[in-house]
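Residue numbers (my numbering), protein chains in the order written: chain G, 788 to 1421; chain B, 496 to 740.
Derived by calculation from the structure, the hints in this document are not laboratory data.
Where a beta carbon is used, it is the ideal one built from N, C-alpha and C, also for glycine.
There could be a bad hint or two in this list.
[Unchecked claim] If you anchor each label on the Cβ, the simulated ranges turn out as follows:
(1) G:1095 with B:715: 43 to 53 Å
(2) G:940 with B:553: 53 to 63 Å
(3) B:647 with G:916: 26 to 36 Å
(4) G:916 with B:687: 26 to 36 Å
(5) G:921 with B:647: 26 to 36 Å
(6) B:505 with G:1251: 20 to 30 Å
(7) G:1095 with B:533: 47 to 57 Å
(8) B:686 with G:1250: 24 to 34 Å
(9) G:916 with B:565: 51 to 61 Å
(10) G:1411 with B:638: 53 to 63 Å
(11) B:715 with G:944: 26 to 36 Å
[Stated by the list, open to error] Pairs of lysine to any residue, SDA-like flavour, derived with a Cα cap of 25 Å:
(12) G:913 with B:540
(13) G:1069 with B:726
(14) G:1032 with G:1058
(15) B:639 with G:1127
(16) B:639 with G:994
(17) G:1071 with B:721
(18) G:1071 with B:688
(19) G:944 with B:609
(20) B:639 with G:995
(21) G:1359 with G:1393
(22) B:507 with B:734
(23) G:1032 with B:507
(24) G:1035 with G:1025
(25) G:1071 with B:722
(26) G:944 with G:931
(27) G:1359 with G:1375
The residues making up each chain are set out below.
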Amino acid sequence: MYQGYCGQVLRVNLSRGEIKKEELPLEFIRNYLGGRGFNMKRLYDEVSPEVKPLDPENKLFIGVGPLTGTLFPGGARVNFSAKSPQTGILGDSNTGGFFGPELKFAGFDQVIIEGKAESPVYLYIKDEGAEIRPADHLWGKDTFTTQEEIIAESRDKRTQVACIGPASENGVKYSGIFCNHVRAAARTGMGLVMASKNLKAVAVRGTQKLGADDPTRFLRIIDRLDRKIRKHSEYEVRCRLGTTKLIKSLNEAGCLATRHFQTGRFAHAEQVSGEYLEENYKLKSKGCFSCIIPCSRFFEIDKGEHRGLKSEGPEFEGLAGFSSRVGVKSIEDSLKAVDLCNRNGLDVISTSECISFAMELYELGILDKKDTDGIDLCWGNSGAVFSLIEKIVNRQGFGDILADGVLPAARKIGRGSEKYAMQVKGLEIFQADPRGIKGYALGVAVATRGGDHLRREPWFEFTEDAEEGRRRFGVPESAFRLEYKGKGRVVKYYEERCVLSDCMEVCKNTVVNMEILSSSEAAELLHALSGIEFSTEDIDRACERIFNLERAYIVREGIRRQDDTLPERFLKEPLPAECGESAGSIVELEPMLDEYYQAHGWDLDTGIPTSEKLEFLGLGEIAAEFRERGILKE
Amino acid sequence: MYDLRIEVEEVKGFCDLPMKKGDYFEIKGGRIMIPEGKYICLWALQSMMPVFPAKQRKIDEENDWIPHTKRFCCPDPNGMVIFRIDQINPDTGRTVVEDEKQVVPPRIIVEEDLCTGCRACETVCSFTHSENFNGEEARIQIEKIEEEGRDIPHICRQCGNAPCVKVCPAGALSRDPETNAVLVNQELCTGCQRCAGACSFDAIHFHQEIGLPLICDLCEGEIECINRCPVDAIKFGTAEKLKEL
Chain G
788 MYQGYCGQVL
798 RVNLSRGEIK
808 KEELPLEFIR
818 NYLGGRGFNM
828 KRLYDEVSPE
838 VKPLDPENKL
848 FIGVGPLTGT
858 LFPGGARVNF
868 SAKSPQTGIL
878 GDSNTGGFFG
888 PELKFAGFDQ
898 VIIEGKAESP
908 VYLYIKDEGA
918 EIRPADHLWG
928 KDTFTTQEEI
938 IAESRDKRTQ
948 VACIGPASEN
958 GVKYSGIFCN
968 HVRAAARTGM
978 GLVMASKNLK
988 AVAVRGTQKL
998 GADDPTRFLR
1008 IIDRLDRKIR
1018 KHSEYEVRCR
1028 LGTTKLIKSL
1038 NEAGCLATRH
1048 FQTGRFAHAE
1058 QVSGEYLEEN
1068 YKLKSKGCFS
1078 CIIPCSRFFE
1088 IDKGEHRGLK
1098 SEGPEFEGLA
1108 GFSSRVGVKS
1118 IEDSLKAVDL
1128 CNRNGLDVIS
1138 TSECISFAME
1148 LYELGILDKK
1158 DTDGIDLCWG
1168 NSGAVFSLIE
1178 KIVNRQGFGD
1188 ILADGVLPAA
1198 RKIGRGSEKY
1208 AMQVKGLEIF
1218 QADPRGIKGY
1228 ALGVAVATRG
1238 GDHLRREPWF
1248 EFTEDAEEGR
1258 RRFGVPESAF
1268 RLEYKGKGRV
1278 VKYYEERCVL
1288 SDCMEVCKNT
1298 VVNMEILSSS
1308 EAAELLHALS
1318 GIEFSTEDID
1328 RACERIFNLE
1338 RAYIVREGIR
1348 RQDDTLPERF
1358 LKEPLPAECG
1368 ESAGSIVELE
1378 PMLDEYYQAH
1388 GWDLDTGIPT
1398 SEKLEFLGLG
1408 EIAAEFRERG
1418 ILKE
Chain B
496 MYDLRIEVEE
506 VKGFCDLPMK
516 KGDYFEIKGG
526 RIMIPEGKYI
536 CLWALQSMMP
546 VFPAKQRKID
556 EENDWIPHTK
566 RFCCPDPNGM
576 VIFRIDQINP
586 DTGRTVVEDE
596 KQVVPPRIIV
606 EEDLCTGCRA
616 CETVCSFTHS
626 ENFNGEEARI
636 QIEKIEEEGR
646 DIPHICRQCG
656 NAPCVKVCPA
666 GALSRDPETN
676 AVLVNQELCT
686 GCQRCAGACS
696 FDAIHFHQEI
706 GLPLICDLCE
716 GEIECINRCP
726 VDAIKFGTAE
736 KLKEL
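For reference, chain G alone in the conformation it holds in the complex (with noise of 0.2 Å):
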């Protein structure tokens, strides 16, 4: 019997009141390693082209990897996926905090939801065991509320909940899953997905041993890779601010998202910056399960409109969001905005994006207060912000329009606005300016979730340095941010480490962004946490089989080359003289696209993995598959 995995996957059919318990065969481990490769190759092969994404017969994944709930420094994440409703393809997000340790101490490595209830229910796990259980009376309230009233129904404190917020519950598309009050799977609508199952939340409680087969070895590589952490250049910095380290940082490159991508510098930025929250507001640094590197924090507003607000958060994301993309220059201001998503369940970013995109619309002439219920819409005007948010949480008025996501709004309101929607296959990109680092744009055409930047990171190319860019990569040019050669290269590397902290379940700070752990030293520690033994090359091939698998699904559900793409302004606009050295820059995306599919043994043409390369991974009953549905030629 093998370590550190559970071993079991708990299927709940909530159309039928069914709770079942199912093993976990070794041959699926060691193909599809743990959390989002668990889930991705359930959703290939239990929600196919045929299903909607609202329909009861979509399905929700919950997976954890073999390292959450373990020593492994932000051990803590956990992958929610489905069929996403925002994008219609494939839906996928992560979050940190307590909430997946817990559904390992539980004795689980995966959730699957099926079905819809009849009425509000809660999933209630403990301990290898679950019921359903009635959640009328919970129906309604906000996330933070939600899981407090279910922490204390169940009359111990250290029971971890996932949860929904009005906004899912109302039909926003871009609505999320919340634990630990303000830890967010909020990407791609998975929300909404629980919302349609009429599945307010899932509650857990694990006291089972979790072990290893090792724990000798198993303790002696987590000692390496701590204090590989400690002297990592970036451990300081990344201690003191986070992600928030991003707003001056990207500023200065000339590429922080600022009205809406107009420009990418913004006036603001210092008082809008992690260093700011960190001098005026910040009470003390937090962290997630296990980790070595508390990089979030806890602040607290103190004096004026906003005097009592307090909160874990935010991120770059939700900072950056509601402050240099709307203009709006209070930090204050734009830490209450980000409270209000948090509450009522909204993803930071595709909110951010619809009402920057509002405004934009408005300074242009398309949008006047006729349409937007009399709101004045200008740049930085917070209370707009505000009183948009709670529209599009309630779907009232014009909040209605935007809370179906940004490409559906733009189509509505069309007159030329679609060009204006800053997303790519129906999700709304992240606040960096894809003209200033085009590792990252590339990464956004491309990503299999939708405009999406964190299923890659490809960092390297902040390094300058050219003798490893050519080492590395084979072109000197990849370790620029500006320069687009070599950067198909670096993306698939990147893509294929993302898989492997998203299947480890660990956070992308320090699998991705620091590279403190080799695919070697990962097989090494998954040996001696499991017993089973894998080679370097397993895991390499392990995780490019689930990047394909997942490039399978949405090439399965149509997307091809030309839905790899950015909106318009990256591809044609410059950015503005004042962006320093991104000044002039744009993305040169199809001799990245080229190179790309080139670096992934994928159809030039098409962005269709070859039956080849489908093979070589493994993955032979794909190839047929597309075959006869006429995907791939005979």
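Keeping the supplied structure of chain G fixed, place chain B upon it in accordance with the hints.
Just chain B, lined up with the frame of chain G:
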């Protein structure tokens, strides 16, 4: 009975009397002796006065703080004049050096305000003691109150007069003579949980399956939770020594 010598060790703030470093006075029997031409600050004197008779006597009570107390601070918050009280043997006129056993024992010190709530301490404690990653078996537990952003470490502080040891009806708890850690005799423990009820720090946790109290044993040598804490919210030592660090 000892005589006492009270000397200004340091002026951290500003004293406009002024009291200066090295100024001193002595207590011999029932008299206060001030060197000729010198003076003593009335405010500092009145704040220290009650402790002089106690410092003049030899106290054998274990865990008493008075024998270990040497420094007093002038009550003026701007002054911060630190006075050191030394006991003098009246027969030899020499300063009494504290004997080894009277030195304050080091203990676990918790700074709750620093705790990030990550529970890395729980995980490493549980894993190194029981090869279980689940903090259920940890001898330190973090209570998290998300709405307040509070994270409260519950761990044994090696209290002087440990109420857990005193309350145990089975005599299952004792003190390690070397480290002062509270030790559990598993054979004798009946699982009545009275020790947990008696603990002022909520530091004793009963594992639901094992049914035995989990109490910090200070590890053997390196204390694992302290090593892993990224923000030094848990420390081992004496408050005075840690301040010097």
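A quick look at each hint next to the structure:
Hint check: residue 1095 of chain G to residue 715 of chain B, Cβ distance near 47 Å, so the stated range 43 to 53 Å holds. Judged by the Cβ atoms, the range 53 to 63 Å given for residue 940 of chain G and residue 553 of chain B holds: they are separated by roughly 58 Å. Against the hinted window of 26 to 36 Å, the Cβ-Cβ separation of residue 647 of chain B and residue 916 of chain G comes to about 29 Å, which satisfies the hint. Under the hint 26 to 36 Å, the C-beta atoms of residue 916 of chain G and residue 687 of chain B, about 29 Å apart, fit the expected range.
Checked against the hint of 26 to 36 Å, the C-beta distance between residue 921 of chain G and residue 647 of chain B comes to roughly 32 Å, which is consistent with it. In this structure, residue 505 of chain B and residue 1251 of chain G break the distance hint of 20 to 30 Å, their C-beta atoms being roughly 51 Å apart. For residue 1095 of chain G and residue 533 of chain B, the hinted distance range of 47 to 57 Å is satisfied, since their beta carbons lie about 54 Å from each other. One distance hint, 24 to 34 Å for the beta-carbon pair residue 686 of chain B and residue 1250 of chain G, is violated here, with the actual separation near 58 Å.
Taking the beta carbon of each, residue 916 of chain G and residue 565 of chain B are about 59 Å apart, inside 51 to 61 Å as hinted. Take residue 1411 of chain G and residue 638 of chain B: their Cβ atoms lie about 54 Å apart, and the range 53 to 63 Å holds. The beta-carbon spacing between residue 715 of chain B and residue 944 of chain G, approximately 31 Å, falls within the hinted interval of 26 to 36 Å. Restraint check: the Cα-Cα separation between residue 913 of chain G and residue 540 of chain B comes to about 63 Å, which exceeds 25 Å; the hinted pair is violated.
Simply put, residue 1069 of chain G and residue 726 of chain B have alpha-carbon atoms about 15 Å apart, close enough for the 25 Å limit, and the pair holds. This hinted pair checks out: residue 1032 of chain G and residue 1058 of chain G have alpha carbons roughly 13 Å apart, not beyond 25 Å. Distance hint between residue 639 of chain B and residue 1127 of chain G is fulfilled; the C-alpha atoms sit about 22 Å from each other, no more than 25 Å. For the hint linking residue 639 of chain B to residue 994 of chain G, the alpha-carbon distance of about 17 Å falls within 25 Å, and the restraint holds.
A threshold of 25 Å between alpha carbons decides the hint, and for residue 1071 of chain G with residue 721 of chain B the separation of about 18 Å falls inside it, so the pair holds. A hinted pair counts as satisfied when its Cα atoms are at most 25 Å apart, and residue 1071 of chain G with residue 688 of chain B does not qualify at roughly 34 Å. Proximity of residue 944 of chain G to residue 609 of chain B is assessed by CA-CA distance (about 21 Å); at most 25 Å being required, the pair is judged to hold. Restraint check for residue 639 of chain B and residue 995 of chain G: the C-alpha separation of about 20 Å stays at or below 25 Å, so the hint holds.
With a C-alpha separation of about 23 Å, the suggested pairing of residue 1359 of chain G with residue 1393 of chain G holds against the 25 Å cut-off. Restraint check for residue 507 of chain B and residue 734 of chain B: satisfied, since their Cα atoms lie roughly 19 Å apart, inside the 25 Å limit. Restraint check: the Cα-Cα separation between residue 1032 of chain G and residue 507 of chain B comes to about 37 Å, which exceeds 25 Å; the hinted pair is violated. For the suggested pair residue 1035 of chain G and residue 1025 of chain G, the alpha carbons sit about 14 Å apart, so the restraint of at most 25 Å is met.
Of the pairs offered as hints, the one joining residue 1071 of chain G and residue 722 of chain B holds, with about 20 Å between alpha carbons and a cut-off of 25 Å not exceeded. For the given pair, residue 944 of chain G sits about 14 Å from residue 931 of chain G by alpha-carbon distance, which is consistent with the 25 Å threshold. Distance check on the hinted pair: residue 1359 of chain G and residue 1375 of chain G sit about 9 Å apart at the alpha-carbon level, within 25 Å; holds.
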